[in-house]
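Peer 1: Sequence:
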Amino acid sequence: MRARDGRSAARPGLVVQMIARKPAEGPARAGFTASKKVGNAVQRNRARRRLKEAARQILPLHGLPGTDYVFIARAGTAAREWEALLDDMKSALLSLAAPSRPRKTAKD
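Each residue of the sequence shown is one higher than the one before, counting from 2 in my numbering.
Among the clues, some could well be false.
[Claimed, not checked] DSS-like mimics (lysine-lysine), calculated; alpha carbons at most 25 Å apart, straight line:
| no. | residue 1 | residue 2 |
| --- | --- | --- |
| 1 | 91 | 38 |
| 2 | 37 | 23 |
| 3 | 53 | 91 |
Derived by calculation from the structure, the hints in this document are not laboratory data.
Construct the complete structure from the given sequences, taking the supplied hints into account.
Peer 2: Okay, here's the thing in structure tokens:
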């Protein structure tokens with residue numbers, strides 16, 4: 002629930018929310034969710050299992066220590082090509098790891 006107040010990155014296969022823990026200690030932690038928009042229980046469970054396996058492979062390489070991540074399944078997560086799902090997760094984690102830039106206003 003806290004992670005939704007942090008930064009997020011959306012990709013075709015998933016949405017990733019991130020928030021740093023205080024103190025920033027220990028490895029990155031992950032949570033997984035799939036709403037009823039994803040499909041029936043079988044589809045939601047398959048989507049969650051795929052996100053868990055992708056995170057098991059990608060998070061140690063590209064996740065920031067001391068950070069909590071929430072991986073949210075989208076309607077196409079269960080059917081997305083495996084390599085594309087891994088690329089989506091890697092891309093989202095890398096964009097979240099980059100320092101955030103201030104948003105430009107209409108005056109800028």
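Peer 1: With reference to the structure, classify each hint as holding or not holding.
Peer 2: We went through each hint and held it up to the structure:
As the CA atoms of residue 91 and residue 38 are separated by approximately 24 Å, the hinted pair is consistent with the 25 Å bound. Pair hint residue 37 plus residue 23 does not hold up; C-alpha atoms about 32 Å apart against a cutoff of 25 Å. Among the hinted pairs, residue 53 with residue 91 is consistent with the structure: their alpha-carbon atoms are about 13 Å apart, no more than 25 Å.
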